[in-house]
Amino acid sequence: MMGFISYLVNGISLGSVYALIALGYTMVYGIAKMLNFAHGDVIMIGGFVTFTAVSGMGLPPILGVLISVAVCTVLGMVIERIAYKPLRGASKLAVLITAIGVSYFLQNIALLIYGSNTKSFTSVVAIEPLSLADGAIILSGETIVTILACIVIMIALTSFIKYSKSGRAMLAVSEDSGAAQLMGVNVNATIALTFAIGSALAAIAGVLLCSSYPALTPYTGAMPGIKAFVAAVFGGIGSIPGAFIGGILLGVIEILGKAYISSQLADAIVFAVLIIVLLVKPTGLLGKQIQEKV
Amino acid sequence: MKMKALSKNTKSNLITYGMVILAYVVMEILTRAGMVSSLLQGLLVPLCTYVILAVSLNLVVGISGELSLGHAGFMCVGAFASAFFSNYTKEAITVSGLRFFLALLIGAAVAALFGFLIGIPVLRLRGDYLAIVTLAFGEIIKNVINVIFLGHDSKGFHISFKDAFSMNMEPDGEVLINGPQGITGTPHDSSFLIGIILILITLFIVINMVNSRTGRAIMAIRDNRIAAESVGIHITKYKLLAFTVSASLAGVAGVLYAHNLSTLAAQPKNFGYNMSIMILVFVVLGGIGNIRGSIIAAVVLTLLPELLRSLNDYRMLMYAIVLIATMIFTSSPGGQAFRERYSLKVLFGQKKQEKEAE
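Protein sequence lines, in the order shown, are assigned to chains A and B.
Note that the numbering used here has the first sequence beginning at 1, numbered continuously upward.
Note that the numbering used here has the second sequence beginning at 1, numbered continuously upward.
Just chain B, same shape as in the assembly (with noise of 0.2 Å):
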């Protein structure tokens, strides 16, 4: 009776949450009874960090409509920041969870920064400009991380963009920021739990932005920039505020990322624009401006690589193909309507009754 009141926003977006939190259940069960594999246990946060960051970047492409390939350097800031801050802590806080709980708001309030100084001049541009610019933002981020040196002694910080001697530190001082090697040792504070309550975190954020005051202006940002400006939406604040609002909760997942390995190092594996062209593909796989699609695609296609395992040195030449075929098949004209015939042949009177029962 109740279920009934609910609107079908509400509806759809409950059913969200349930399954982040059904898929939790499941595989806490699955864990405890010895099911789950240490592969697949291993790739539980990094799971978790690419459903955050996909659904962050959905709110960007989908919501916001702006093309941004640059989506692993807010990851990037945020996993450094807050590894940097817990290295740091990790005597004088023994906490891990307050330790956490504090490195997660400086990852994510240093990402927002970013976002912020790096929106200002990438939102006045258009299409594909804003994409190769955003690219190049976070091509920079990963080369400009690369040669930081930063150190500590009873003097206090040394920082040099040459190498761990030039900081000219006292011998009993500790290399925090190691250039190329990046950060080691940082406390393994991130956990399965944790990285599901900051999926729901980010779920509950941007969904309560799609569908508030905001979320509509952005949208209609989106759908019609002259007609949104006339009728009195302050375009670059929105467009601005949904890139900040994106890059915050990117600067989460690399909080999450980085709390996950005692070795953070910007390589173009994790933080180059492989890794936004990656959760790039999840967004648009699940469907642009889809929520509950870009979770599931980030599942999926984390998860084929690993179940296609017994392809050995096909696997990944199997995921491009079904990559490919997926997109013809989606997007194509002709897959569009084969589509159309497949389900009026074969589903049409289920279909139709589904419809009205909506």
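The following block holds chain A by itself, in its conformation from the complex (with noise of 0.2 Å):
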């Protein structure tokens, strides 16, 4: 039973960090309608420029997660600038080949500059790990304060989008892009600052998934991204909420399957609930039906 627990909050842990990835796939669906393929290499970028920060250069750690959300921010306006912008209006597919090619340049890019070795990324977490029923329960620094800040971004971003101009200014484009620009709205800025909040928590979920699982690589992010897009499809792609709740399912499906079922098919078991929940629900568990029109 402890052990179920525990498991279950490393879970809920983990899911927090795809519930951030996810937020960054599911905001930019929701206004840009495309599937951003390079986002979860925001991610790695994001580790390597706190382990640049940290380990290379001795700042602290606190520092280093702010220069790393500050590149990442800006790097995701100016993919945005450089390859999608161009293309509005394109394809879809065409959208997404540019995607994986964004992808690729980012992984070689670190390629180039960290080489293929596996580097060790030191925790920016220091808080000491929390014994609970009598060391029964152990929690790790990282564990808590991953889902904390899981939990105080979610609110963060919820009343942003609620209340500030240009939250409110973001759902008028995922609702409507044409009619949001007739209302004076500018598209175009929304769409780079939905790119920028996405950057800058993929850089944080980078952060905070390397301190947790310190191996980094310019590969890193692309597994933590597909399953973060598996989130924000399993929760509904374009639905905050339902990104949300799907990272945070995945995490504990994930978890729980490595820890009763088997640690080589948890990915497996994964992918078998997104495809189950698909079936059942086309659009995800909180993703709008889309009425055909003749």
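Hints listed in this document are in silico derivations from the structure and should not be mistaken for laboratory results.
Don't be surprised by glycine CBs; every beta carbon is placed ideally from N, CA and C.
Some chain B residues flagged as far from chain A (calculated, every beta-carbon gap over 12 Å): (1) 12; (2) 17; (3) 29; (4) 41; (5) 42; (6) 88; (7) 93; (8) 95; (9) 98; (10) 106; (11) 155; (12) 189; (13) 197; (14) 216; (15) 232.
Think about it this way: if two alpha-carbon atoms lie no more than 30 Å apart in a straight line, the pair counts; the simulated DSSO-like pairs of lysine-lysine are: (16) A/85 with A/33; (17) A/288 with B/237; (18) B/237 with A/92; (19) A/258 with B/269; (20) A/288 with A/85.
Could you use the hints to bring the two separately framed chains together as a complex?
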């Protein structure tokens, strides 16, 4: 029983990371209607920037995280400006392939700078592990910080979108970008802002992920990126609460599957659950049903 | 005189077949003349594999209009089924041609079966949801194959999903599929000639399918599902048909791939979603729905990293930049406008003449 609870908490922690990444996917999808395959690699860049700042230059961890967030925010906006903006209005597949190109580009930039050897990431969290129920459940500092960070970010993001002017502009653009433009919303600026927020979240997710799982390579971001994409679809792509729920569920399923069924099949279980959910609810848990018009 | 009687479509298809045969003849002459590096020679069979994969994926993405990201999964199924068969019958069937032919049938059939079974649920979904589910199936296939242990001894087959010991085999038993290590010792039955023949067969199947009543039905569904349904086209049947044929051809590519390697293991690099995405890149860059384009893109993009070898570490970076630049140049509104202006200024006269000639 105690084992189950600690697996559950670890699952929620991993799920929080997926949720943060999935938020970036889902926001970009909601607004630009594109699958940003390069999002996973922004996580990896976030990890490497913090690694350089903390382990390479000896800066305090907090500063390292802030630098990483700043770098990724700019990176996200630059990618959007150079690679995606010219393709606005182009076919969906063309944008998808461009995103894949950007993903290759980021991986190979990291490969050139840092090489293919695995870097050992120093955790940015300096909190003592928390021991509950006479030591039957031990929660590491990283687990606690990850879950708290995810909750705080979720609340902040939801209120930003609900109450601020630019947040509501984002909602308007995702609903109907043409109508939003006629109402005076600057669509291009809103899309750039979405990429900025998504990439900032990816940077935080990258730091948290690498703190819990310290192996850092140029391909670190690829699998979590795909899983977060799955999480976003799972919850209903385009829906922010959906990304949160999808991420948490995915993390819990993965950790429990690893613990109780088979560690090699954990990924297969995650994907199988996704397939079952989509067959029952074809647009994800919280996705909107699209009516077909003739 | 006779050429004129042929329709434009037939002519275009003959060019496609001719191109493949010409490529074979040229490569064969160059190889005989010793002008082909061993590196390039080693690439020839994989090149055929990629061409078959690209053409077969084009059937789903281009003709049927569904974005599939799990094509490598079907290749994986075909590769493992056929390699298992060839390994098991290595002693029983000594004629490599016959053995390969049977392996080919088995690989194609098993991949088709998987395509059919996966297609039934998957094709109910639309657009991006379909894409992610095909990706998920591809990953599941790869993961499951990695935990299969299958052996054979005097008592028959033994299977386990844990490790080689739990199969409880007799000491003289032979391990055929060894989990993550995969299948070792597959006979080397593939060759460039076989690859070219398989490409021609693939082309024959796909081109004939596209230009038939079936193909027109599939394209009608792609262009307007509701309109197609209202004129009595059975949506599920035709979509499933395209998906199954495509999966089966991917299985053929897998057979070719497996019999070119002595060790076959399901790794993210060869059967993961990265592979599926790479094939998709071939299809999109070659032009969606354009069979000949898929072939050219598969060849060029496979050779590009090799041609850029002099750039060493920068070659994959260049590949990425070329990919992004090509997409922006060919697909963005700005790029298209640029191309039109360029072609109007420089090639105006010639273009017009060409059009009239057609």
